[in-house]
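Novice: Sequence:
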Amino acid sequence: MSSLANLPPEILYQIAWELFPFYPSDDADIRLVTNEFFDFTALARLSRVSKLFRDVAQPILFHIIPPLTQKTTSIIKTLHTRPNLAAFVRKAWIGSGEAAGKLIPSGGVYRFGPDNKLDASPADVFMLNDLMSKQFQTNSDNQSESEEINVLAALPATLAPNIESLVINQYSTAVASFKPELFCNLTELALNHRNHLGEVNPQGLKQLLRAMPALQIFRCCLAAAIPSLVPHERVHTLDFVECALDRQSFQNVFDGFPNVQNFRYKSGEDVSDWEEAKPAEMFEAIRTRRSSIKNLEICILKALYFDEIEPQDCINSLASMHALQSLTITSRALVPHSEETNGNVLTNFLPRGIRRFTLVKAQSNLDTDIQRLAESGAEQFPDLVFSTLDVEWTLEDDYIHYRFINPLIRKC
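Using full-length UniProt numbering, the letters of the sequence shown map in sequence onto residues 1 to 412.
Worth flagging that the hints you see were computed from the coordinates, not collected in a lab.
Warning: the hint list may mix true and false statements.
Lysine to aspartate or glutamate pairs mimicking EDC-like chemistry, simulated, CA-CA at most 16 angstroms apart [claimed, not checked]:
1. Lys-91 to Glu-164
2. Lys-302 to Asp-390
3. Lys-91 to Glu-188
Work out the full structure, taking the sequences as your base and the hints as a guide.
Specialist: What follows is the structure, given as structure tokens:
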């Protein structure tokens, strides 16, 4: 321990981050993070060794607030009475994973409940509304220190000045009552809910985004019609997972976020009020941002129309997307599985400047196209790294498991 104390502070800081139990990457499924992901024992012990280690560990210990339930009362109490610690908080979860649904990430395997729907108890809904609509308050003027405080109502007053990232892990029934001061400094928002549990009021969504002038990253798990939006110039990343957006919603999204550079869309919600956009319809909207989009991912494996795609539903080419550097796409978005090809589907599809291309669930009718890309890609796409991913589905205990397997990577 004495040798550690002699290390430069920046090295100690890096070591402390290695002890951090959970920090999701851009690709992590953050919808169902539970308190079990947050075991701060090692960091807490390090912080108690000396003042030096405390100064290193505390900013990391309080960087993220675990999913907010009544079990985290002590954390909110501490932060409310210790503004020096509250100043370290940058990210918070609202709602436990269990309240959000039945999808549990584990070793690359994702488990979907048989009805693929979210569950949210009345208590969870009450806590979320309480958080968003009230400032800090105690239960009574004569409340003793041992009595519970309204922990969720405490969050806006305690953390609003510093919090940059917020994950709402269940649907909202009170979007219009969100207090703007909670969002004024947010750079990242993850809004995870379904329309059949709590419909997104179009005007409420507009108000929500207007209240976030600093927003740069917008993630959502959404089955709702997206209204026309006031353009938000700062947002550069859109991450739509388990979604079902129709054609007009796609157009509204790209009109509302004119400077988007990173866009991910994954189908996965069963809707009956409208038809989810087909790949060709998605591209009508996407190509309006061809000068800005650098990273694009489109996965339609769980779209209701997946087995019924016709040639006119597919994307013919992304060659006009000159800024595109990375592409991940389901092969059926390019060609129906029963359609014969001329062997040039992939070489004609990609823009010349592409650097990374991943084809998900490559179909047998694309074997010649894949081989031709591998053979001629070095000349046509000098910087390209090409890979394919297969998908495995199994049914166990009434749950569908799916995972990516057999990655095949080629340098053209």
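Novice: Hint by hint, which ones does the structure fall short of?
Specialist: none
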